Structures are given as structure tokens and as C-alpha cells.
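K.L.:
Line by line, the protein sequences are chains A and B.
Taken in order, the first sequence gives residues 1 to 155; the numbers are from the working numbering.
Taken in order, the second sequence gives residues 156 to 295; the numbers are from the working numbering.
Please keep in mind that the hints were generated in silico from the structure rather than gathered at the bench.
Only a predicted model underlies this, so the values are computations on that prediction, with no experimental measurement involved.
Check before you lean on any hint, since a few could be wrong.
Claimed, not checked - With a cut-off of at most 30 Å between alpha-carbon atoms, the simulated DSSO-like pairs for lysine-lysine come out as follows: (1) A:K147 x A:K116; (2) A:K147 x A:K120; (3) A:K58 x B:K178; (4) B:K273 x B:K237; (5) B:K273 x A:K147; (6) A:K8 x B:K159; (7) B:K273 x A:K116; (8) A:K113 x B:K273; (9) A:K113 x B:K175; (10) B:K237 x A:K147; (11) B:K178 x A:K109; (12) A:K147 x A:K58; (13) A:K68 x B:K178; (14) A:K147 x A:K109; (15) B:K237 x B:K178; (16) B:K237 x A:K5; (17) B:K273 x A:K109; (18) B:K237 x A:K106; (19) A:K106 x B:K159; (20) A:K147 x B:K178.
Claimed, not checked - Residues on chain B that point at chain A, a partial pick, calculated with CB under 7 Å: (21) D176; (22) M184; (23) G190; (24) Y208; (25) M216; (26) M219; (27) G220; (28) G223; (29) A232; (30) T243; (31) W247; (32) Q279; (33) G281; (34) D282.
Where a beta carbon is used, it is the ideal one built from N, C-alpha and C, also for glycine.
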Amino acid sequence: MADEKVIKFPVEATHIMMFRRSIGDYSVADTGTEQTAAPPTFPQAAAQFDPDYFLRIKPGEDWFGSGKDPSGVKGTPASSGGLHAEQHFEFARPIRPGDALSVVTKPGKTWEKESKRAGKLMFSERITEYRNQNGELVCTARGVGVKTERPVDQS
Amino acid sequence: MTLKASEIAVGDTFEEILVKDLKRTQLVMYAGTSGDYNPLHTDDVYCREAAGYPGVFAHGMLTMGMTGRVATNLFGAENIKKYGVRFTNQVWPGDDLSGSAVVEAIREESGETLVDIKLTTTNQNGDVVITGSATGRVDP
Chain A
1 MADEKVIKFP
11 VEATHIMMFR
21 RSIGDYSVAD
31 TGTEQTAAPP
41 TFPQAAAQFD
51 PDYFLRIKPG
61 EDWFGSGKDP
71 SGVKGTPASS
81 GGLHAEQHFE
91 FARPIRPGDA
101 LSVVTKPGKT
111 WEKESKRAGK
121 LMFSERITEY
131 RNQNGELVCT
141 ARGVGVKTER
151 PVDQS
Chain B
156 MTLKASEIAV
166 GDTFEEILVK
176 DLKRTQLVMY
186 AGTSGDYNPL
196 HTDDVYCREA
206 AGYPGVFAHG
216 MLTMGMTGRV
226 ATNLFGAENI
236 KKYGVRFTNQ
246 VWPGDDLSGS
256 AVVEAIREES
266 GETLVDIKLT
276 TTNQNGDVVI
286 TGSATGRVDP
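Isolated chain A, as found in the complex (with noise of 0.2 Å):
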């Protein structure tokens, strides 16, 4: 069996200011020093520490987009990057900056659905564990993403 990767994950008070702003969470002091909990959908940002994250521009790389052209990738699918069906979270402890976390996905169950917006709809499901520097379980993500034989239809 493949080694699973693990993503080194270190949560920093300032990321957490960033990440509740883009979210327009302004509860909490604004000055990236508050050792508050993250909001509940933070640990999705552990793709950042995810080297080989698909949905970030690498040097030496095409990235599918725009610049000369609409997409900067010759013969890319139409609806390429998929969309996102469900996601959940469960905690057993609050993340809080300071925390160095491992992160582990898995892949979970697929399935196939029909549909009228956007023709044959293929689930597949993830899920990602997140444990803090003492092995301790912080918390359990599941998600569902759904890829679409074709952009789905707006009218």
C-alpha cells in the first residue's frame, strides 16, 4: 500500500483574520493577534499547504486560466474543475492558532445521478481527517463534490 500524504497544516492567527474577513465575519477584533477558535469551514483552507493542490498556479505549469486566451489550456473540457454538493464538518476540539495539524483524505463513496439542469451527475466524496501535534482528533470533514456532463443550465 502507497504511503497516504499527509499536509502539514499550521494555524496561524493571522490566516484565521484573513479567512473570517473573506467570509465577512467581523465578530471577533480585527488585528490577527486573537487566539479565538476559526470559524467551522476553515479547515478548507488546508489546501493552501497542499502542495499539489490542482486549483493553484504552479511555476512551469498551464493553468487553465485566462490570459492570452480564455483559458490558458488547449482541449480542457468545457466544465472542467467540477462543483462542490455538500460539505460537512464535525469537531472534536476547536481549531485555534497554534495548532499544527495533519491533514489525510480519502476517498469515500462515488455514485451517478441524471439530471435535467445539466445532463449525467457524477458524485464522489472525500473525506479528510484533521489531528492536531499531539495525534488528537480535531476534526472529521466530509465532502461531496458532483461533476457535470455539462455547465449547468441557468434558464
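Using the hints, position chain B against chain A.
P.N.:
Chain B in isolation, oriented as in the chain A frame:
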């Protein structure tokens, strides 16, 4: 300052305006903090000319993050035990979103007092964009 069980009752509803006239800049801010730089959320040219969408739309996780404020304002972020949602409609720049929480249960579990709430976020047309639930710890 944790909420007390005696301060709430099953059926209580809490409502909050989450955003008015959602700006594209907010989507850029969320991309920057979450690390999700999918051009579907920040790159109008890509959306219109390559992806077949009328323009950029919000990260589901941005809408989930904004909706989560209803739960964290009620319980405090440190008291959230569970938070889950289903994304039911896309959210677009210019949207007004309001969130509501309805108290469904107040119960004891493993020596803690927990409150279950049902969450719904609706846009200016009355379309539901998120349905979900959260569980928070309160003082007995």
C-alpha cells in the same frame, strides 16, 4: 460567553443578513484565504468564453462560510460540534443572501448540553442556496 440552554427554546428562529450585493472582490478575497483559485470564481473571461457560464459565481464554501456566521454568532466558533450543508443553487455577484437558523432540539449527550439547528440561506428571489444543520454546545 457561551449561550445558556435556558435562553433558547425549540422553534426559536434567528435570522441574519449575510451579504447585500455580493461583490466579485469578496470572491477574490475568499479565493485568497481558502486557497481555492478555481477560475470559475475569479475569472469572468474564462467563465464566459471557456467554461460556458454567464460569469463568475461564488465558491460554495464562501456561501457555507457566510452561512456559518449564523451558527457561530449563536454558539461561538469554539462551541461548534457539527456543521454541514448541501449546496442547492449557485450564488452570483450582486446576490443578497439571508441566513436563518431554527432550533430543532436541545439535548444532553456525554455530559454536554447540545443544541441542533436547521440552517437555510436564501437569495433575493427566495431561492434556497444552502440547506444545512449545525450542532453547538451551550451551558446547561
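K.L.:
With reference to the structure, classify each hint as holding or not holding.
P.N.:
Against the structure, the hints come out as follows:
Distance check on the hinted pair: K147 of chain A and K116 of chain A sit about 14 Å apart at the alpha-carbon level, within 30 Å; holds. A C-alpha spacing of about 8 Å is found between K147 of chain A and K120 of chain A, which places the hinted pair at or below 30 Å, so the restraint holds. Among the hinted pairs, K58 of chain A with K178 of chain B is consistent with the structure: their alpha-carbon atoms are about 27 Å apart, no more than 30 Å. As the CA atoms of K273 of chain B and K237 of chain B are separated by approximately 12 Å, the hinted pair is consistent with the 30 Å bound.
For the suggested pair K273 of chain B and K147 of chain A, the alpha carbons sit about 27 Å apart, so the restraint of at most 30 Å is met. Distance hint between K8 of chain A and K159 of chain B is unfulfilled; the C-alpha atoms sit about 36 Å from each other, more than 30 Å. Distance hint between K273 of chain B and K116 of chain A is fulfilled; the C-alpha atoms sit about 28 Å from each other, no more than 30 Å. Taken as a hint, the K113 of chain A and K273 of chain B pair is honoured in the structure, with Cα atoms around 26 Å apart against an allowance of 30 Å.
Only pairs whose Cα atoms come within 30 Å are accepted, and K113 of chain A paired with K175 of chain B is rejected, the gap being roughly 34 Å. Straight-line distance between C-alpha atoms of K237 of chain B and K147 of chain A comes to about 26 Å, which keeps the hinted pair within the 30 Å bound. Our distance criterion of 30 Å between C-alpha atoms is broken by K178 of chain B and K109 of chain A, whose separation comes to about 35 Å. Only pairs whose Cα atoms come within 30 Å are accepted, and K147 of chain A paired with K58 of chain A is accepted, the gap being roughly 23 Å.
For the suggested pair K68 of chain A and K178 of chain B, the alpha carbons sit about 25 Å apart, so the restraint of at most 30 Å is met. As the CA atoms of K147 of chain A and K109 of chain A are separated by approximately 14 Å, the hinted pair is consistent with the 30 Å bound. A distance of roughly 29 Å separates the Cα atoms of K237 of chain B and K178 of chain B; the hinted pair therefore holds under the 30 Å criterion. Our distance criterion of 30 Å between C-alpha atoms is met by K237 of chain B and K5 of chain A, whose separation comes to about 25 Å.
Between K273 of chain B and K109 of chain A the alpha-carbon distance is near 25 Å, which keeps this suggested pair within the 30 Å criterion. Between the alpha carbons of K237 of chain B and K106 of chain A the distance comes to roughly 20 Å, so the proposed pair stays at or under 30 Å and holds. Distance hint between K106 of chain A and K159 of chain B is unfulfilled; the C-alpha atoms sit about 37 Å from each other, more than 30 Å. Pair hint K147 of chain A plus K178 of chain B holds up; C-alpha atoms about 26 Å apart against a cutoff of 30 Å.
Using the Cβ-Cβ criterion of 7 Å, the hint placing D176 of chain B at the interface with chain A is not satisfied: the shortest such distance is roughly 12 Å. For M184 of chain B, the suggested interface contact is upheld, since its CB lies about 4 Å from the closest CB of chain A, less than 7 Å. Given the 7 Å rule on beta carbons, the hint for G190 of chain B holds: about 4 Å separates it from the nearest Cβ of chain A. For Y208 of chain B, the interface hint holds, since its Cβ comes within 7 Å of a Cβ in chain A; the closest pair sits about 6 Å apart.
Interface restraint check: M216 of chain B against chain A, minimum CB-CB distance 5 Å, threshold 7 Å, status holds. Because the smallest distance between the Cβ of M219 of chain B and any Cβ of chain A comes to about 5 Å, under 7 Å, the interface hint for this residue holds. Interface restraint check: G220 of chain B against chain A, minimum CB-CB distance 3 Å, threshold 7 Å, status holds. At about 5 Å, the closest approach between the beta carbon of G223 of chain B and any beta carbon in chain A falls short of 7 Å, and the interface hint on this residue holds.
Taking 7 Å as the C-beta contact cut-off toward chain A, the hint placing A232 of chain B at the interface holds, the least distance being around 4 Å. With a least beta-carbon distance of about 9 Å to chain A, the hint placing T243 of chain B at the interface is violated under the 7 Å criterion. Here the hint on W247 of chain B is broken, as its CB sits about 9 Å from the closest CB of chain A, past 7 Å. Nearest Cβ of chain A to the Cβ of Q279 of chain B: about 16 Å, over the 7 Å cut. The hint is violated.
Hint on G281 of chain B is violated. Least Cβ distance to chain A is approximately 17 Å, over the 7 Å limit. Against a cut-off of 7 Å between C-beta atoms, the interface hint on D282 of chain B is violated, since the closest Cβ of chain A lies about 12 Å away.
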